[in-house]
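Chains as they are written, first to last, in our numbering: chain A, 1 to 115; chain B, 116 to 227.
Treat the hints with care, as some may be off.
Below, a list of computed lysine-lysine pairs in the DSBU-like style, where the Cα atoms sit at most 35 Å apart [stated by the list, open to error]: (1) A:K68 x B:K124; (2) B:K197 x B:K156; (3) B:K197 x A:K68; (4) B:K185 x B:K134; (5) B:K156 x A:K49; (6) B:K134 x A:K52; (7) A:K68 x B:K168; (8) B:K197 x A:K52; (9) B:K122 x A:K110; (10) A:K68 x B:K122; (11) B:K118 x A:K107; (12) B:K122 x A:K49; (13) B:K186 x A:K52; (14) A:K56 x B:K134; (15) B:K197 x A:K56.
Calculated directly from the structure, the hints in this document are not laboratory data.
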Amino acid sequence: GDSVTQTEGPVTLSEGTSLTVNCSYETKQYPTLFWYVQYPGEGPQLLFKVPKANEKGSSRGFEATYNKEATSFHLQKASVQESDSAVYYCALSDGPGTGSNRLTFGKGTKFSLIP
Amino acid sequence: DPKIIQKPKYLVAVTGSEKILICEQYLGHNAMYWYRQSAKKPLEFMFSYSYQKLMDNQTASSRFQPQSSKKNHLDLQITALKPDDSATYFCASSRRDRGEQYFGPGTRLTVL
C-alpha cells in the first residue's frame, strides 16, 4: 500500500529561522500530494495542495515543490514565528476521480519555537 | 459558522456499549470520510462515501458502520466498544472530483 515518511519531531527553532520538514512517499499510482497543519484540540487544516511535478505549492509563507524523481515534497518556511507552532502532516491521495480519495498521512512533525 | 459539525466533542463509553458519532457538512461537498487519530497511530483512513454510497473501507472490524441518512451527513456507529477504540475520530469532506479534504473538529472517544 501507499506510505508516507516525514521528519521525525519534535523540531524546535528560534523565531526568524528557517524550517524544513522532509517528506517522501511510496505509491504505485500517480499521487496527489498535500500538506496539512494541526493545532491542539483541532482537526487537521489543509495548508495547500502540492501541484504537479516540479511545480511549487504555497500558503501562509510555507511552500513545497514536488520532486517526482525523488518522490519527495519537502515543506519549507523561510522565517518562522510563534503562530507556526503546530504539528505538520504530509499526505498523499489516491484520487481524485480514479480512487477513493483516501488520504495516507505521515506520522506528523511537531514544531515549536524555542522559548 | 462551522462548516463541518461533529457531535459530541467528547464522549466517554464503557466497554461493550454502542455509540454513534455525528457528522454534518455544509460545504456542498459530495464525498465524506472518517479518519481516526490515536497516540499509537497517526491519522488513519477508515471510510469514504460519495453520493451516500461506500467507496472505500479500510476498517477491518464490522463493529464500525458508517450511516448516511442525508447527502451531507455521515455518522459513524461503533458497537461492542473496546478500550483500544479510544481515539479522536475526524470527519472530513471534499468534492469527489477534487482531492482537497476539509476536516471537522473531531470527537474524542474514551472507552473505559
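Right, here's what the structure says about each hint:
1. A:K68 x B:K124: 40 Å, violated
2. B:K197 x B:K156: Satisfied, since the Cα-Cα distance of roughly 16 Å is no more than 35 Å.
3. B:K197 x A:K68: 42 Å, violated
4. B:K185 x B:K134: OK: K185 of chain B and K134 of chain B at ~19 Å, within 35 Å.
5. B:K156 x A:K49: Answer holds: K156 of chain B to K49 of chain A is near 23 Å, not above 35 Å.
6. B:K134 x A:K52: 42 Å, violated
7. A:K68 x B:K168: 33 Å, holds
8. B:K197 x A:K52: It is violated: about 42 Å lies between the C-alpha atoms, which goes past 35 Å.
9. B:K122 x A:K110: 27 Å, holds
10. A:K68 x B:K122: 40 Å, violated
11. B:K118 x A:K107: Holds: K118 of chain B and K107 of chain A sit about 26 Å apart, inside 35 Å.
12. B:K122 x A:K49: Judged against 35 Å, a Cα distance of about 28 Å means the pair holds.
13. B:K186 x A:K52: Roughly 31 Å between the alpha carbons, so the hint for K186 of chain B and K52 of chain A holds.
14. A:K56 x B:K134: 43 Å, violated
15. B:K197 x A:K56: Given pair K197 of chain B, K56 of chain A is violated - Cα atoms ~44 Å apart, limit 35 Å.
In summary, the numbered hints that this structure violates are 1, 3, 6, 8, 10, 14, 15.
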